[in-house]
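Protein chains in written order, with our numbering: chain V, -10 to 375; chain B, 798 to 1161.
It cannot be assumed that every hint is accurate.
Non-contacting residues of chain V with respect to chain B, defined by C-beta distances greater than 12 Å in every case (computed) [stated by the list, open to error]:
id: 1; residue: T106
id: 2; residue: G208
id: 3; residue: V270
Here are the simulated DSBU-like cross-link-like pairs (lysine-lysine), alpha carbons at most 30 Å apart as the crow flies [as the list claims (entries may be wrong)]:
id: 4; chain 1: V; residue 1: K170; chain 2: V; residue 2: K183
id: 5; chain 1: V; residue 1: K40; chain 2: V; residue 2: K170
id: 6; chain 1: V; residue 1: K346; chain 2: B; residue 2: K1122
id: 7; chain 1: B; residue 1: K971; chain 2: V; residue 2: K262
id: 8; chain 1: B; residue 1: K808; chain 2: V; residue 2: K248
id: 9; chain 1: B; residue 1: K1059; chain 2: V; residue 2: K272
id: 10; chain 1: V; residue 1: K375; chain 2: B; residue 2: K842
Please keep in mind that the hints were generated in silico from the structure rather than gathered at the bench.
Quantities reported herein were computed from a predicted structural model and do not represent experimental measurements.
The beta-carbon is built from N, C-alpha and C at its ideal position, and this holds for glycine as well.
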Amino acid sequence: MIDFELSPEALKAQERVRTICENVFRKISRKYDENEHSEMPELHELAEELKGEGGLRGGMNRDFLTNVIVTEELSWGDLGLTLAWPEGGLGNAAINAVATPEQKARFGKATASMAITEPGCGSDTSNITTTAKLDPETNEWIINGEKIFITGGKTYDNVVVWATLDRSLGRAAIKSFVVEKGAPGRELVKLEHKLGIRSSDTVAMVFNDCRIPYENILGSPEIKTRGGFKGAMATFDATRPGVAAMGIGVARAALDFTKETLEKEGITIPYDKGMHDLSAVQKAVLDMEAELEAARLLTWRAATMLNKGVRNSLEASMGKAKAGRMATLVTQRCVEILGPCGYSRDWLVEKWMRDCKITDIFEGTGQIQMLIIARQILGYTRAELK
Amino acid sequence: MADFSLNEEQKLIQETMREFAQEEFRKLAHESDESSTLQEDALEKVCALGIFSSSIPEEYGGHEMERSALNTIIMAEELAWGDLSIALGALSPLLMMTPILESGTEDQKKKWLPNFCGESFYASTAALMEPRVSFDPFALQTTAEERGGKAVLNGVKCMVPLADRARQILVYAKGASGMEAYIVDGDAAGLSVGEREKYMGLRALPLFTVTLKDCEVDLDRRVGGEKGIDYNRLLNLSRASLCAMAVGISRASHEYALEYAKERVAFGEPIAYRQSIAFMLAESAMEVDAMRLLAWRAAWKLDRGEDATRESTLAKRYCADQTMKVTDYGVQILGGHGYIREHPVERWFRNGRSFAALEGLAIA
Ligand SMILES: Cc1cc2nc3c(=O)[nH]c(=O)nc-3n(C[C@H](O)[C@H](O)[C@H](O)COP(=O)(O)OP(=O)(O)OC[C@H]3O[C@@H](n4cnc5c(N)ncnc54)[C@H](O)[C@@H]3O)c2cc1C
C-alpha cells in the first residue's frame, strides 16, 4: 500500500543520529578535512560510547529503509566520517549478505573493507586480474594481485577481495575472499590523497602469495558458467541505496545551510508564488529541493523493495544514478549561490561539494548505473549494450 | 511503514483504466488532434465507468467507496497516457464536483452532486486561468463584489475546457474574503463564452475564453457559503492531478521511443545498442518513476488532510520540466520521423509543453 510514512524506529534512529552529528561530526568535520590521514580519537571515543546502544548503525539488523535514513542523516553530518566510522564498512555488508553461519561467527565482529577495483579495471569489474589458487596440500587459497581505492583499508581489519579462479572462464570464475589482518603477503602500499572525504582512508594493497584458509571464500567455490557472477553483483543491489543516501545527505546539508544563510539575508523560499514573482535564486532553490526529493523517493523505493525481498537492481540503480548526479549538481549550485563565502573554507559548503562528488563515482559511476537501467528496460545483454 | 506499491483496489483501477485508455482513447487520439474535435462518445464512456458517482456519498445520489486523491491520480495517469486532451475533457466534471465535495455547504451538495450521478456526462467545468503572460493563481484579477444581495463577477478567464456546452462553470475570483468560487450557469447573463482558443497542443480539447461582465450570481452559489473554499487545497489537488497526467504523457512517449529504438537499425545495428540513445531511454525511465513518486506523495498527503503546498508545488515544477525533457527525447530518438505527425511523439511533445502553464485544468 502506498505510504510515505516512516516507521517510529526509523524516526527514532534518525533523531538519535542527528544529535550525534550536531554534537560530534559537525564539530570535527573541518579538522579532519584539513588533517588528512591523522588519528581521529573523537570518532573512536564516540564509537566506544555508543556500543551500549548497539552501535551507531545498530549492526545490520535494522531494516534497509532505516539504514538508508540513518545513512542520509550521518552523511548530512559528514560523509568522510560516515565512511570512516569504526564499526565497519562495505566488506561487512558483503559478508552479511552471503556468509555462512560459521563465517558470520568468525568474521562478523571484525570490521571489513572491500577490494574490487584494480589499477587496470574499475567499472569493468569482470576484468579483474587478481588470482586465487587453491594449494591442495595445505588447503589454502593463494591470492596474488594489486587492489586500489580500498575505502577504510587502513582502518578496518579484514578486507573482502575479489579474485578470479581462472581468468579464461570470465565473470563466472570471480569469487570473493576474506583476507584477514596480518595474513602473510597482504601489504598496504599506498594511502591516497583525495579531493574530498579526506577523513576516510583510501588505500592500495598488494597481495603477494598471500595465503588464507580455504574457509575464507564467500559463497560457493564452484564455477557456474551461468549466473555465477550474479551473486556478487547482488551485493550492490543492497548497498547502492546506501550510497545514494550518502549523496542525498550531503546535498541536504548544503541545501539546508544555503536556505538558512539566505534567510539571514532576508531571502525566503516561497512555495506559493508564480514563476514571474520568483527570483533566480528562489527558483534555483525550489528546483534543487524538487531534485533532492525525487532522488530520495527513488532511493526509499529501492530500499523498501529490499525489505520485502523483491528484486530491485533496476530501482537501486535509478536511486543511485539520480542521487549521485543530484548531489553533485546541488552542492555545486549551493557554492555558487553563496558567492565568495560559499567558496571559502570558513564554511563547509565547499567541502560538501568536494565530498559528495564521490557518490557519483564509487559503487558504480553514474554512467554505469545508466547502463544497468538501460539494459534492464531494453532487455539487452552486455554484448548488445556495451 | 513506507511502501510504494499499489493495493488491490488501486491495481484494479490502474489495469481497468489502462485497458480503457488503450481501447478507447488511443484510437481516437490522432484523428481528434488533427481535426480539433473531441468525440462526445468518449466522454460518455468515461462517465459510464462510474468514476464520478463512485466519489459521491450515497446521500447525494452516489455510491461512494472512499474518495481518494491518490486513486484519482492513478486513474488520471492512465487516461492521459491514452490521450491528454480527451482525458482533460472527460474528467472536466470533476472541476466543479470536487470543490463542492470538498468545501460545499450541505445545500449545495444536495443540489448539485446528484447531477454527477446520472447515466450521462454532466457537462460542467471551472474557470481559473486568466490570459496574461504573468498569470499567477495566487493573484487573480477576476473579482467578486457583493452588491445588493448578489455577487457581481468581473474579469476574463482563459483555457476553460468545454465552456461552450457546460451547464455550469465554477468561476474563481478574488473576493472580500480571499479567493472564492462561484457556480455560474453557462447561460447566465453577463457571462459570455468567446471563440474557441487555439493552442500548440491540447488541440482536441475545446478550450474557451470566458468573459464576465457584471455577471450577477446569487450568494448561495458561492461554494462553501460564508466559509468559502480552501483555495490552497484545491490548487494542490489540481496540481497532483496535473502531475499524474504529465507522468502519463511522459510514459507514453518513453514507451513508444523504446520500442522504436529496438527496431530502428542504423550503421548495422539497432540504434538502442548505442549509449547515446540507450541513456536517453534510461534517464526517461528514471524520471518517469521519480515524477510519479512525487505526484503520489502530494496526493497521499492530501488524502491525510495535511497541507501539501510544498509537495504539490515541487512536484508540479519537477513534472513540468521532466515532461518536457522526456517528450523531447521521444522526438529526438525517432529522428526526422519523430517530426512527422504520423508518429505520436510530436503530439506528446506539444501536449507535454502545456504543464508548465496549466493550473486548475484537472483536479483529484
Ligand atoms: C574515494 C574512493 C573510494 C573507493 N572505494 C572503493 C572500495 O572501497 N572498493 C573498491 O573496490 N573500489 C573503490 N573505489 C573504486 C571505484 O568504485 C571506481 O573508481 C569506480 O567504479 C570507477 O572505476 P575507475 O576509476 O576505474 O574508472 P573507469 O572504469 O576507468 O571509468 C572512467 C570513466 O569511463 C566511464 N565508463 C566506463 N565504462 C563505461 C561504459 N561501459 N559506458 C559508459 N561509460 C563508461 C566511467 O563512468 C567513468 O566516467 C573507490 C574510488 C574512490 C575514488
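Item checked: Given hint V/K262 paired with B/K971 - CA-CA distance at most 30 Å -> 16 Å, holds
Notebook entry, point to check: Is the Cα-Cα distance between V/K40 and V/K170 30 Å or less?
Noted result: Holds, at roughly 22 Å.
Note to self: Between the alpha carbons of V/K170 and V/K183, is the straight-line distance 30 Å or under?
What the structure shows: Satisfied, since the Cα-Cα distance of roughly 25 Å is no more than 30 Å.
Note to self: Can you confirm whether the C-alpha distance between B/K808 and V/K248 stays at or below 30 Å?
What the structure shows: Cα-Cα ~40 Å, so violated.
Check: Straight-line Cα separation of B/K1059 and V/K272 no greater than 30 Å?
Finding: 38 Å, violated
Item checked: Status of V/V270, Cβ more than 12 Å from any chain B Cβ -> At roughly 15 Å from the nearest Cβ of chain B, V/V270 sits farther out than 12 Å, so the non-interface label holds.
Next item on the list: Say whether it holds or is violated: V/G208 keeps its Cβ farther than 12 Å from all Cβ of chain B.
Entry: Non-interface label on V/G208 holds, nearest chain B Cβ at 29 Å vs cutoff 12 Å.
Item checked: Interface-negative label, V/T106 against chain B, beta-carbon threshold 12 Å -> Holds, since 22 Å exceeds 12 Å.
Note to self: Next pair to validate is V/K375 with B/K842; report whether the Cα-Cα distance is within 30 Å.
What the structure shows: 47 Å, violated
Check: Between V/K346 and B/K1122, does the CA-CA distance stay at or below 30 Å?
Finding: It holds: about 24 Å lies between the C-alpha atoms, which stays within 30 Å.
Of the numbered hints stated above, those contradicted by the structure are hints 8, 9, 10, listed in ascending order.
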